[in-house]
Amino acid sequence: MKTPSGWRSGDGALWLSTGAVTLTLLLTVTLLVLLGRVGFGHFWPEPLATFTFDPATGQPPVVAARREHSTFALAEGGMEARTLLRTGNRDTAPPDFRWVADASLRSARFDPAAIELERRSWGPALGLLAPPEAPAADRAALAARQWARLEGALTLPPQARSGTLTLYGADGSARPLPLAEVVRAWRPNAMNLQDKLSLYFSRIGAFISEPPREANTEGGIFPALFGTVLMVMLMTVVVTPVGVVAALYLHEYAPQGPLTQMLRIAVNNLAGVPSIVYGVFGLGFFVYLVGGSLDRAFFADTLPAPTFGTPGLLWASLTLALLTLPVMIVATEEGLSRIPRQLREASLALGATRFETIRHIILPQALPAVLTGVILAVARGAGEVAPLMLVGVVKLAPELPLDGTFPFLHLDRQFMHLGFHIYDLAFQSPNVEAARPLVYASALLLVLMIVLLNLGAVLLRAYLRGRHRDPLG
Amino acid sequence: MTDIPTLTFDPADTCLNVEQLSVSYDGKAALREVSLTVPRHRVTAFIGPSGCGKSTLLRSFNRMNDLIRGVEVTGHIQLFGEDILAPEVDVTVLRRRIGMVFQQPNPFPMSVFDNVAYGLRLQGLSDQRALEREVEWALRSAALWDEVKDRLEASALTLSGGQQQRLVIARAIAIRPEVLLLDEPASALDPISTLKIEELIGQLAEAYSIIVVTHNMQQAARVSDYTAFLYLGELVEFSATDDLFTRPQARQTEDYITGRYG
Ligand SMILES: Nc1ncnc2c1ncn2[C@@H]1O[C@H](COP(=O)(O)OP(=O)(O)O)[C@@H](O)[C@H]1O
Ligand SMILES: [Mg+2]
Numbered sequence: 001m002k003t004p005s006g007w008r009s010g011d012g013a014l015w016l017s018t019g020a021v022t023l024t025l026l027l028t029v030t031l032l033v034l035l036g037r038v039g040f041g042h043f044w045p046e047p048l049a050t051f052t053f054d055p056a057t058g059q060p061p062v063v064a065a066r067r068e069h070s071t072f073a074l075a076e077g078g079m080e081a082r083t084l085l086r087t088g089n090r091d092t093a094p095p096d097f098r099w100v101a102d103a104s105l106r107s108a109r110f111d112p113a114a115i116e117l118e119r120r121s122w123g124p125a126l127g128l129l130a131p132p133e134a135p136a137a138d139r140a141a142l143a144a145r146q147w148a149r150l151e152g153a154l155t156l157p158p159q160a161r162s163g164t165l166t167l168y169g170a171d172g173s174a175r176p177l178p179l180a181e182v183v184r185a186w187r188p189n190a191m192n193l194q195d196k197l198s199l200y201f202s203r204i205g206a207f208i209s210e211p212p213r214e215a216n217t218e219g220g221i222f223p224a225l226f227g228t229v230l231m232v233m234l235m236t237v238v239v240t241p242v243g244v245v246a247a248l249y250l251h252e253y254a255p256q257g258p259l260t261q262m263l264r265i266a267v268n269n270l271a272g273v274p275s276i277v278y279g280v281f282g283l284g285f286f287v288y289l290v291g292g293s294l295d296r297a298f299f300a301d302t303l304p305a306p307t308f309g310t311p312g313l314l315w316a317s318l319t320l321a322l323l324t325l326p327v328m329i330v331a332t333e334e335g336l337s338r339i340p341r342q343l344r345e346a347s348l349a350l351g352a353t354r355f356e357t358i359r360h361i362i363l364p365q366a367l368p369a370v371l372t373g374v375i376l377a378v379a380r381g382a383g384e385v386a387p388l389m390l391v392g393v394v395k396l397a398p399e400l401p402l403d404g405t406f407p408f409l410h411l412d413r414q415f416m417h418l419g420f421h422i423y424d425l426a427f428q429s430p431n432v433e434a435a436r437p438l439v440y441a442s443a444l445l446l447v448l449m450i451v452l453l454n455l456g457a458v459l460l461r462a463y464l465r466g467r468h469r470d471p472l473g
Numbered sequence: 001m002t003d004i005p006t007l008t009f010d011p012a013d014t015c016l017n018v019e020q021l022s023v024s025y026d027g028k029a030a031l032r033e034v035s036l037t038v039p040r041h042r043v044t045a046f047i048g049p050s051g052c053g054k055s056t057l058l059r060s061f062n063r064m065n066d067l068i069r070g071v072e073v074t075g076h077i078q079l080f081g082e083d084i085l086a087p088e089v090d091v092t093v094l095r096r097r098i099g100m101v102f103q104q105p106n107p108f109p110m111s112v113f114d115n116v117a118y119g120l121r122l123q124g125l126s127d128q129r130a131l132e133r134e135v136e137w138a139l140r141s142a143a144l145w146d147e148v149k150d151r152l153e154a155s156a157l158t159l160s161g162g163q164q165q166r167l168v169i170a171r172a173i174a175i176r177p178e179v180l181l182l183d184e185p186a187s188a189l190d191p192i193s194t195l196k197i198e199e200l201i202g203q204l205a206e207a208y209s210i211i212v213v214t215h216n217m218q219q220a221a222r223v224s225d226y227t228a229f230l231y232l233g234e235l236v237e238f239s240a241t242d243d244l245f246t247r248p249q250a251r252q253t254e255d256y257i258t259g260r261y262g
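Chains as they are written, first to last, in my numbering: chain A, 1 to 473; chain B, 1 to 262.
What the hints contain is simulated information worked out from the structure, not anything from laboratory work.
Even glycine gets a Cβ: it sits at the ideal position worked out from N, Cα and C.
Treat the hints with care, as some may be off.
As the list claims (entries may be wrong) - Computed Cβ-Cβ distance ranges for the label pairs, DEER-style:
#1 R354(A) / D83(B): 44 to 50 Å
#2 P241(A) / V71(B): 30 to 36 Å
#3 V91(B) / P241(A): 27 to 33 Å
#4 S50(B) / A254(A): 28 to 34 Å
#5 F355(A) / Q218(B): 39 to 45 Å
#6 G292(A) / R129(B): 55 to 61 Å
Stated by the list, open to error - Derived, one-sided and incomplete: chain A residues facing chain B with beta-carbon distance under 7 Å:
#7 G123
#8 P124
#9 I339
#10 Q342
#11 A346
#12 T353
#13 G419
Stated by the list, open to error - Some chain B residues flagged as far from chain A (calculated, every beta-carbon gap over 12 Å):
#14 S24
#15 F102
#16 Q123
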């Protein structure tokens, strides 16, 4: 017999599906690599060079890091290669990022006395620990003295530090820098790989664990990370029971007629409603109607200042719970329909009521499907930004929604969210170049956070599935 | 169809009394005016070609048909003199008195122990010692104890098909029903497992009234004391098993047992 050839052989379908999977994988990897390279490359200590320029341009020498290289088309024709220099010192010598023509660059010298300082305000300061023109031996001694003093000061809390550091510019200028202002400092040209690695990870750690400074362009993203996780958890706590009960009703109790079918279609359609619509609904229903009523009923003495009648964590979680409810219901019902009829009959035939059968047989069996629903809901919920802007997310929240003061979980507080943080950094930042790596880093963290949350659910599901797996089939 | 050869028993020896039972699904008749009495502590077999209503009749006894939408039941069924089709009957109580084993082994995806303990726990038995005692008794009664006593905590799904079916029987008798309904209990099993189930049925008959549905006439002949032959939703003949297979009264019965259809 002839083996089928051409399209009928199935080779084409195989190639297509393999290709589609490869493409998806490739895109995912590219995404992660891009986010990781730009975002987390930002925390690597860049070498600092003293750049001198063609005297004809009149540019003074400057201590800077090379950021990027690019070729530009000139208005008068021809191309020009340029380098983006990060010069810092936004307070004394703005701007902190500048493009210079490669043709005007004369020399770049890597001075071991070069230092980068992270400050409480005005962003990083770049400079030299010793004047550029002094004799080499004097320079080394002065730089070492200043560095030792700085290291000593950094072990103290900022308010306990006194005195200043003298920071020299590439042009020989000197300026005092209060030690209390310094957050962290490093001499990239004098560091070995191990020092760089440890600095790198401590900066990433700070990024994850510290609150933002300077209109979110400096410091960390901890409140946003925390707010996102907390909101997603609250959302899950709400959406899971509601979704499961709704699915149980649709599948186990409701008479399977056209009405139930319509209900099911309505639920499915809810999944397609644009998320901003949920935001508007959440604002109108939860915030104004429910929150407003709560205020009038229980917090009348503080009116007109609203307590719950204003966007906050609770309303944001409820809005997202509503948004992810269809996913939850559909996934759970799917799981319920896979439970063999024989199991229900076995339980009922032993004298169990319908409720007992659901409680002891159906629900444990449906749990993996419920977790699938949770995974999908978390993925959808954690990535939403638009509706949250209406119901509780802010650019900068003064307090975390969870703290040590009663009642510990402050559902009425506004909170920060990674998704919104990214949006804010990318579009609202006063300093685009400085914020750009943070956009990528925050985006990568958001992705990682969702992956981590999902991984937990996936592992739990695998465990539940494996518990009573028939080894033969 | 006026002189259906049928049997009656002394009320003291009657377990189930069925009168004029008709069942239809969505208006389509599955059983037509079936009347028979099932004796106490005996094995009664229902035979007949597939689709003749054996399962429907069996499921009427523990009201499992109630779960099916569009089902309509008329007539009377009495369990030891009590009407069980009355709307006020608590089906959960009824189903504890009438246990059922299905064609496909359907153990719960739980441990062997939890399977057997399921019905007991539903009744509120929570004392571990008492549970262990009852589970052991039920597994011994189902001739399964020796094979599973070392793996009570293993998943029931790791047992073989024949073991699973005996586990299901143990689960049913653990709550000490009065009647045991077996719907083709061996049809999904291999010959050796089938033999074990048949032996078990013989042993259980001492303590329970058993009704077994089978499409296998040899099996009916081997295990049952009485046999009812159903055909197209009607009861054709009901008599002692020896009589039915050696001296069938109705023409259809004879055709069926001599293999002319089915
Ligand atoms: N759930 C059901 N819905 C509709 N018709 C059914 C259902 N169960 C059984 N029937 C019909 O009732 C008749 C008797 O079926 P059943 O009692 O299962 O026969 P048997 O067990 O003797 O093979 C068949 O015609 C079958 O198609
Ligand atoms: Mg059947």
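Against the structure, test the hints numbered earlier, and report the numbers of the ones violated in rising order.
1, 7, 8, 9, 13, 15, 16
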